[in-house]
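S.K.: Okay, here's what each chain looks like letter by letter:
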Amino acid sequence: MCGNRVYLKGNEALAYGALEAGLNAYFAYPITPSSEIPETLAKEFGNKKYPEYKFFLQAASELEAINMVMGAASGGARAMTATSSPGFSLKQEGLSYSACMELPLLVVDICRAGPGLGNLGPEQSDYFQGTKGGGHGDYRLLVLAPATVQEMALFPRIGFDLAFKYRNPVLILGDSYTGQLKEDVEFPEFTPEHYDVSSWATTGAKGRPPHIFNSLELDYQKHFKHIGKIFEKYQRAQENEVRFEEYHTEDAETVIVAFGIASRIAKGVVNKLRPKGVKVGLFRPITLWPFPKSQLKTLASKGKRFLVVELNTGQMVDDVRLAVGDGVTVDFLGKWGGVVPTEAEIESKLKRLEVVAV
Amino acid sequence: MSQLEYKVKFGKLESLTDTPTHYCAGCEHGTLTRIIGAAMDGLGIREKTVAIDSVGCSVLAYNYYNCDHIVAAHGRAPAVAAGLKRVHPELMVFTVQGDGDAASIGLLELLYAAKRATPITIFLVNNAIYGMTGGQMAPTTLEGQVTTTTPFGRNVQLTGTELDASKLVAAIDGAAYVKRASLVVQEISSQRGKVYTIKNLLDAKKSVENAFKVQALGGFAFVELLSTCSINWKMSVLESKRFVNETVVKKYPLGLYKDVFGVEGQ
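Here the protein sequences line up with chains Y and P, keeping their order. Sequential numbering of the first sequence, starting at 1, is according to my numbering. Sequential numbering of the second sequence, starting at 1001, is according to my numbering.
Don't read these hints as lab results, they were simulated from the structure. What you are looking at is a predicted structure, and each value in this text was computed from that prediction instead of being measured. We put the beta carbon where it would ideally sit given N, CA and C, even for glycine. Do not take every clue at face value.
[Stated by the list, open to error] Below, in silico cross-link-like pairs of lysine to any residue (SDA-like), each with a Cα-Cα straight-line distance of 25 Å or less:
(1) LYS54/Y to GLU1209/P
(2) LYS43/Y to GLU1209/P
(3) LYS54/Y to LEU1016/P
(4) LYS206/Y to GLU1209/P
[To be verified] Counterexamples of contact, computed for chain Y against chain P with all Cβ distances above 10 Å:
(5) GLY46
(6) LYS48
(7) LYS54
(8) GLU64
(9) LYS182
(10) PHE190
(11) LYS206
(12) SER215
(13) PRO341
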């Protein structure tokens, strides 16, 4: 795959991206609109091009799949599972345990409309579940939000890297569009970073003390310290791992904040309005956690106002408001239920806000 | 796949730590810990064994077995075991689960591990009750048995009849070895009055060894071990042992339910 320019669906690109990133084991339960990921990985299992790819299994449930990923990850493997929103709810148990036990694993959520069964259309309504620690207890996932098929292909590389660097579950949060969209994509040459797992992997206690993955700690003081240590790690991630894209923000008076597929629609609006002299720009968080707080704060301090566009009823907008603080105008445009805002709708919102002359 | 051979070892078991067990007086969990430790030593597998600890009275197993551990969520131990075994087929992976863990919340994980002939070893301790949470009804609780959630006795019309895990697992074609043994000593009469025989324990020990041997041969091995829970049964230790030997075994007959590799006769 490396070096070639290919035309792929986002889900297929993600699957190949995971293989290029040195995937060892994949366990999943099928769910629309994410199923091309296990389908592609089933097809490529046994392909000599991917000698590191040791195991593929369709599990009997979402719970079984995430727990298998956890077992493989404890052995130091690069293990992954993918799902879509209803399935992501079921993953929360495993993610909570994994964060506490510091297991490195990669989870993909191709977000569809919810709550409940919802429908198969795109939504970004798993933002809270992804970024706030959707399971029980206090923890975070590192969350990457791809906006293009190219990013779907490349983010598994970053995802596995972060998972092993921080020994924490990493989430790639896409949506029905980024999963189903077909685009040209390239796979630049890549050698996965090597992480020495010998100090923690459960590979048999030969000539060393046992390695134990455990989230149970009955000594409250010890558990207090353990969770504190995990949050120190999260602090480091907040300092070092924030990723974002800025587009015409320098002289912008109004900055649209959007991630994933919503950011592409917003970019279209910026491209349309700029030639008309409207000083509008786009800020796109790429890591939804850690959230680019200080970058937004800096933009706010330059006197800019914000319009947050999301495929939900308003989730990331809370984080934007927290980041920029009081006294800064933050407006919101949301579409949900699988409905996507059009460029015209964003434009008319800007008109209503008197950013664009009527 | 390889053949494991048991060699009798003397002295302190390498596979166990020095930590005293937390189990209640008369509980057979400690007995099983000792038996598994002896099997790991005897079969020479400690250095390549990973224990998947479950939720319930078995959860503190990481304090006792001197090997690598992962503590799984309630019921999920077989899935975690399968995930690890698939990326490290050279390891020996086993779980010790309770009846609530394996036969209730984790039944899917147990049955599918068997269905796929996953080369792992599962020990299910059946004491017919939820021990750790304080004596609630388990799927294995006997009809009429009083627990904190069946205060008037288990009503099988409402809760279904007792779940026979060994029979269920044996019915699955992926399972290679299924055995029900007992960890409970038996009273017998002798010229000097009543004495206790450890016949059951010797059989349990052999079953545990066989279950590891079957995994080494590439098969799924399952051993259900009858046990008491005198505290939650509100019985004395002796009464609870009698209850298993006289009543529980009638519902859950001991014996070999499946032995595809024929390890039992060897």
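S.K.: Does each hint fit the structure? Answer for all of them.
M.R.: Hint check:
Between LYS54/Y and GLU1209/P the alpha-carbon distance is near 29 Å, which puts this suggested pair outside the 25 Å criterion. Restraint check for LYS43/Y and GLU1209/P: the C-alpha separation of about 39 Å exceeds 25 Å, so the hint is violated. Between the alpha carbons of LYS54/Y and LEU1016/P the distance comes to roughly 32 Å, so the proposed pair goes past 25 Å and is violated. Only pairs whose Cα atoms come within 25 Å are accepted, and LYS206/Y paired with GLU1209/P is accepted, the gap being roughly 21 Å.
Listed as outside the interface, GLY46/Y is consistent with that label: its C-beta sits roughly 14 Å from the nearest C-beta of chain P, beyond the 10 Å cut-off. Distance check on LYS48/Y: its Cβ is at least 19 Å (rounded) from any Cβ of chain P, clearing the 10 Å threshold; non-interface status holds. For LYS54/Y, the requirement that its beta carbon stay farther than 10 Å from each beta carbon of chain P is not met, with the minimum near 6 Å. Separation of GLU64/Y from chain P is inadequate, the least Cβ-Cβ distance of about 5 Å not exceeding the 10 Å criterion.
The non-interface label for LYS182/Y is consistent with chain P: the shortest C-beta to C-beta separation is roughly 32 Å, beyond 10 Å. Every CB of chain P is more than 10 Å from the CB of PHE190/Y (nearest about 22 Å), matching its label as outside the interface. Non-interface call for LYS206/Y relative to chain P: violated, since the shortest CB-CB distance, roughly 4 Å, does not exceed 10 Å. A beta-carbon of chain P comes within 10 Å of the beta-carbon of SER215/Y; the shortest separation is about 6 Å.
Listed as outside the interface, PRO341/Y is consistent with that label: its C-beta sits roughly 39 Å from the nearest C-beta of chain P, beyond the 10 Å cut-off.
Hint violations for this structure: numbers 1, 2, 3, 7, 8, 11, 12, all remaining hints satisfied.
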